[in-house]
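Asks: Here is what each chain is made of, one letter per residue.
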Amino acid sequence: MTRHPIVIVALLLVALTAAAQTPAPVPASPQVPDAAQFVGPPKGVPLTGDALRERTDQVAALLRCPVCQGLAVADSKAEMAVNMKHQVNELLARGYTEDQILGYFELSYGQFVLLRPKFEGVNRLVWLLPIVAMVLGVAVVVFKMRKLGRGPVAEPAAAPVETVEDPYLARVRDLVGEGKK
Amino acid sequence: MNRTVLAIGLFIIVAIVGMLFLALGKDPQAIESPLIGRVAPSFALREVGTGTTIGVEQFRGKPVVLNFWATWCGPCWEEHPVLVSSARRMGSQVQFVGVVFQDTEDKIQRFLNDRGSAYPTLVDDAGKTAIAYGVGGVPETFFLNASGTIVAKHSGPISSDLLQANLMKAMQQ
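For the record, the sequence lines run as chains A and B.
Heads up, the first sequence is in the working numbering, so the first residue is 1 and it goes up one at a time.
Heads up, the second sequence is in the working numbering, so the first residue is 1001 and it goes up one at a time.
Honestly, the hints are just simulated from the structure, not real lab data.
Treat the hints with care, since some could be wrong.
[What the hints assert, rightly or not] In silico DSBU-like links for lysine-lysine, alpha-carbon gap of 35 Å or less:
1. A:Lys43 x A:Lys118
2. A:Lys77 x A:Lys43
3. B:Lys1153 x A:Lys118
4. A:Lys77 x B:Lys1107
5. B:Lys1107 x B:Lys1153
6. A:Lys118 x B:Lys1107
7. A:Lys43 x B:Lys1153
8. B:Lys1107 x B:Lys1169
9. A:Lys118 x A:Lys77
10. A:Lys77 x B:Lys1153
11. B:Lys1169 x B:Lys1062
12. B:Lys1153 x B:Lys1062
13. B:Lys1169 x B:Lys1153
14. B:Lys1062 x B:Lys1107
[What the hints assert, rightly or not] Covered by chain A, according to a simulated footprint, are these stretches of chain B (three or more residues, beta-carbon under 8 Å):
15. 1040 to 1050
16. 1118 to 1131
[Claimed, not checked] Distance windows between CB atoms, simulated:
17. A:Glu120 x B:Ser1085: 40 to 50 Å
18. B:Gly1051 x A:Leu115: 31 to 41 Å
19. A:Arg124 x B:Leu1024: 43 to 53 Å
20. A:Glu120 x B:Leu1020: 18 to 28 Å
Beta carbons are placed, not taken as given, at the ideal position from N, Cα and C, and that holds for glycine.
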């Protein structure tokens, strides 16, 4: 009988341990991952109608279709791209902003999914190199033009003095009558 | 001037060849998942065959192998026996879960009847779970540790060795 309290405590401990290990309750109906898990609640205004359609196309044009070769989600007919576009539409309808939607896809796929790379890290080269190349090109052209403009003016070359009569030329002159003058 | 032009040309050629050399050594499909190190996005999907809802969170407490696949995907057929035999062997220590997207339930059921099944297979109807996990092409396999954090991802058909190596990561972390 004296062991009863110990047994009860032991049973309680076992029950508590079992309860702690009990898996999370399963929802009764299917639930897909929600954007709120990634980017929190919507920060914008829910869109509808034409505004929603237009904005969906705009945002989908900023996302890369992950199963295509360099195509935007807006331009691809692949099922994955269609699903992504539907999700963009749904998120805009719920009031998510463009930044939040791009952030959501970036958190899943990485920056690979963004067709317009962010201005950060090595990505800066993508934005800066074309500008640097263009500035350098213009500088080289200006430099060359100035150099050409400053150079000595070339005098027209004097007509070559014929010292020795070419027999063939003399024959031609004879034929055209020039040699008889 | 000719030497300057030659030097600039050589520099450009060396830069392009160097970049190509570095890039050619990489697999363009192998993009590290930004989800690695983060808690796996939670979901609960319908199980093929039974129709019951199964959530990834209910498997907390042991490592999870989460495999995205489809019946129309050839490499998925290739890896299926590896996953089934591993699940049969390690079923008590590791939870295997299949998520099928862009597919129909009758085709999935027929595939499982023909080729065997040893773990729950769930249907991702609108592909939203695949999108949340950043799935580009199937098959892709995620390895979750006991606390539900994604510790590794493998794109393409998985071999027994790769499965073991990634599971070791999931069991250690």
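Asks: If you check each hint against the structure, which ones fail?
Replies: When the structure is compared with the hints, numbers 6, 19 turn out to be violated.
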